[in-house]
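There are 2 protein chains.
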Amino acid sequence: MIDQPNFSGVIAPVLTPFGEDGDPDPARYTEHAEWLLGDGGCNALAPFGTTSEANSLGNDERMDLLEDLVEAGIDPQNLMPGTGTCSLSDTITLTQHAVDVGCGGVLMLPPFFYKAPSDDGLFQYFSEVIDEIDDDRLRVYLYHIPPISQVGFSLDLIDRLRKEFPEIVVGLKDSSGDWDNMQAILERFPDFELFPGSEAFLLDGLRAGGVGTISASANVNGAMMRKLFDDWQSESADEVQAQIIAIRKTLQGYPLIPVMKALMAHYRADEAWAVLRAPNMALDSATARRAVKQLADEHGFKLDLATPV
Amino acid sequence: MIDQPNFSGVIAPVLTPFGEDGDPDPARYTEHAEWLLGDGGCNALAPFGTTSEANSLGNDERMDLLEDLVEAGIDPQNLMPGTGTCSLSDTITLTQHAVDVGCGGVLMLPPFFYKAPSDDGLFQYFSEVIDEIDDDRLRVYLYHIPPISQVGFSLDLIDRLRKEFPEIVVGLKDSSGDWDNMQAILERFPDFELFPGSEAFLLDGLRAGGVGTISASANVNGAMMRKLFDDWQSESADEVQAQIIAIRKTLQGYPLIPVMKALMAHYRADEAWAVLRAPNMALDSATARRAVKQLADEHGFKLDLATPV
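Protein sequence lines correspond, in order, to chains S and W.
Everything in the first sequence is counted per the working numbering, starting at 1 for the first residue and increasing by one.
Everything in the second sequence is counted per the working numbering, starting at 1 for the first residue and increasing by one.
Derived by calculation from the structure, the hints in this document are not laboratory data.
Do not rely on the hints blindly, as some may be mistaken.
Ranges of calculated distance between the beta carbons of each label pair, as one might list FRET restraints [as the list claims (entries may be wrong)]: (1) D134(W) / P147(S): 34 to 40 Å; (2) R290(W) / A116(S): 17 to 23 Å; (3) D159(W) / L256(S): 28 to 34 Å; (4) D39(W) / P147(S): 43 to 49 Å; (5) A246(S) / A286(W): 56 to 62 Å; (6) R188(W) / D230(S): 55 to 61 Å.
Only some residues are given here: those of chain W computed to face chain S with a beta carbon under 10 Å [to be verified]: (7) N55; (8) T93; (9) E132; (10) F189; (11) P279.
Beta carbons are placed, not taken as given, at the ideal position from N, Cα and C, and that holds for glycine.
With the hints as constraints, model all of the structure from the sequences given.
In structure tokens:
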């Protein structure tokens with residue numbers, strides 16, 4: 001692993017709970033974030049990822065929730081909010097806000113509406129965002145998730161951004177699911193903070209020079225991932241990684257965001273937690289019960305939530 | 001054609017010019033919009049379409065530009081702004097603003113970040129937007145453009161929305177490029193305002209019950225399309241349609257938004273017009289010159305702009 005990465009370890013793209021009025025619920029949100037950083041096992045948080053339904057939130061909703069986290073006492077240096085949108089100007093607004101709030105970094109999607117943009121166009125986009133913010137505190141993590149955004153980062157584009165902004169473009173979350181791509185990034189950019197976007201690659205990533213994982217399921221299985229991250233050089237590491245992968249496979253038998261919200265609803269005994277914002281939809285209650293039972297039966301899985309609502 | 005459609009004819013998704021500072025330029029914008037509604041041949045305007053680089057604009061930029069059009073004296077009943085974003089809340093904000101400004105309709109993309117949403121999820125999304133606006137003046141045109149948004153509208157989803165909101169969900173822009181889909185919509189929903197998203201289908205659409213076209217190239221070739229729309233039952237209609245298709249094919253030899261901006265820059269003698277917002281990029285100047293020349297040589301094409309800047 002590189003010396004003194006800016007971020008490392010297990011990072012959860014924080015689930016966003018909604019209140020009965022359909023608005024994001026700050027109380028449930030900060031409670032979940034605090035739990036994640038405690039018993040939940042996370043080293044840091046990435047609010048407003050794909051898992052957070054961030055792209056279903058408005059800009060104002062995102063900025064309000066980020067301030068809620070900081071006001072709840074979470075060190076903003078441990079926060080890497082998603083700030084990348086389709087729009088250059090909205091991305092600048094969200095990124096400037098994250099820097100102003102003191103966040104340790106931002107996780108930035110490429111602009112994803114127009115398909116097959118050129119590397120020149122993407123380079124110019126990121127350059128304009130970074131030049132407009134013009135702040136030494138800015139740390140950008142590129143968010144590579146072609147299965148959903150369709151638009152991703154080529155190795156050559158990463159290289160250009162690294163060379164132009166070596167102190168600012170410091171890492172990447174790779175949610176391609178393609179280990180070859182992660183290996184190629186690690187080999188070509190040894191001083192880059194690479195986070196596999198799936199905990200299935202946590203151990204392989206650490207062995208190859210990665211710094212942790214930013215993964216959806218850290219919302220519910222972060223403690224086990226943390227155990228692996230902390231003891232990855234121990235003899236039991238492969239066994240823990242196998243357990244983590246087994247739980248992930250069960251989760252993947254269901255739509256991922258809905259099943260994690262169903263688990264939250266069950267273990268917090270709080271049905272509001274099950275709700276997603278359209279177009280994403282909650283599991284029906286029979287499926288939710290089946291998921292809870294399957295995880296418990298097959299893996300002894302449960303969430304120890306210190307402070308039920 | 002259906003009796004008294006809310007919108008009909010040639011509608012341009014208005015190109016968005018940027019000023020030297022990179023911000024949208026209201027003076028060039030309103031000048032272009034006024035020209036489109038005059039010599040440009042358009043019956044109405046659809047600001048903030050794909051061609052408008054709308055998804056590269058911020059919410060505030062869109063709302064400001066819409067107000068600029070109305071303040072310039074354009075009847076808002078002739079405006080059908082794009083208001084669909086990834087985000088339920090941003091979509092509500094933009095749609096409410098369009099209704100408040102008095103727009104005759106809105107053109108709404110489905111939420112397009114999360115891929116393969118269910119029809120139930122999309123139905124709920126549109127229901128929530130419409131219920132939240134809760135205004136009899138709202139007229140929603142669905143924007144079906146799966147090649148870019150990836151997410152589209154199934155016939156069954158259109159049917160559910162029509163049945164639930166018969167006075168509000170009144171039409172659709174079909175940019176699928178799939179004439180079979182347009183025919184299927186026209187047959188199943190005879191009282192629906194269908195706009196092919198390409199002028200190549202203008203005449204076939206009118207013959208089958210469509211009401212016009214909302215097409216990128218109406219920004220530069222609207223007058224010829226208007227001639228076809230006004231005289232579509234004349235003997236020369238097929239010939240005019242063939243000419244329109246020939247010009248479209250030449251345009252399609254270039255990236256479409258950049259080449260139209262290059263034409264604007266050339267015929268207004270105003271290089272600022274050539275600029276796109278990243279990640280979209282302007283044509284290089286040699287390619288721009290080649291496009292102008294090819295269109296002039298092959299089609300006698302030029303833009304008669306009444307009021308050069």
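A quick look at each hint next to the structure:
1. For D134(W) and P147(S), the hinted distance range of 34 to 40 Å is satisfied, since their beta carbons lie about 37 Å from each other.
2. Checking the proposed 17 to 23 Å range against R290(W) and A116(S) shows it holds: the Cβ atoms sit about 22 Å from each other.
3. Taking 28 to 34 Å as the suggested C-beta distance range, the pair D159(W) and L256(S) conforms, at roughly 30 Å.
4. For D39(W) paired with P147(S), a C-beta distance near 46 Å keeps the hint of 43 to 49 Å intact.
5. For the pair A246(S) and A286(W), the beta carbons lie near 58 Å from each other, so the given range of 56 to 62 Å is met.
6. Taken as a hint, the range 55 to 61 Å holds for the pair R188(W) and D230(S), whose Cβ atoms sit roughly 59 Å apart.
7. The closest approach between the C-beta of N55(W) and any C-beta of chain S is roughly 4 Å, which is under the 10 Å cut-off, so the hint is satisfied.
8. A least Cβ separation of about 7 Å between T93(W) and chain S falls short of the 10 Å threshold, and the interface hint therefore holds.
9. Contact between E132(W) and chain S, as hinted, is supported at the beta carbon level, the nearest pair being about 9 Å apart and thus within 10 Å.
10. Nearest Cβ of chain S to the Cβ of F189(W): about 22 Å, over the 10 Å cut. The hint is violated.
11. A least Cβ separation of about 4 Å between P279(W) and chain S falls short of the 10 Å threshold, and the interface hint therefore holds.
Checked against the numbered hints listed earlier, the structure breaks hint 10 alone; every other hint is satisfied.
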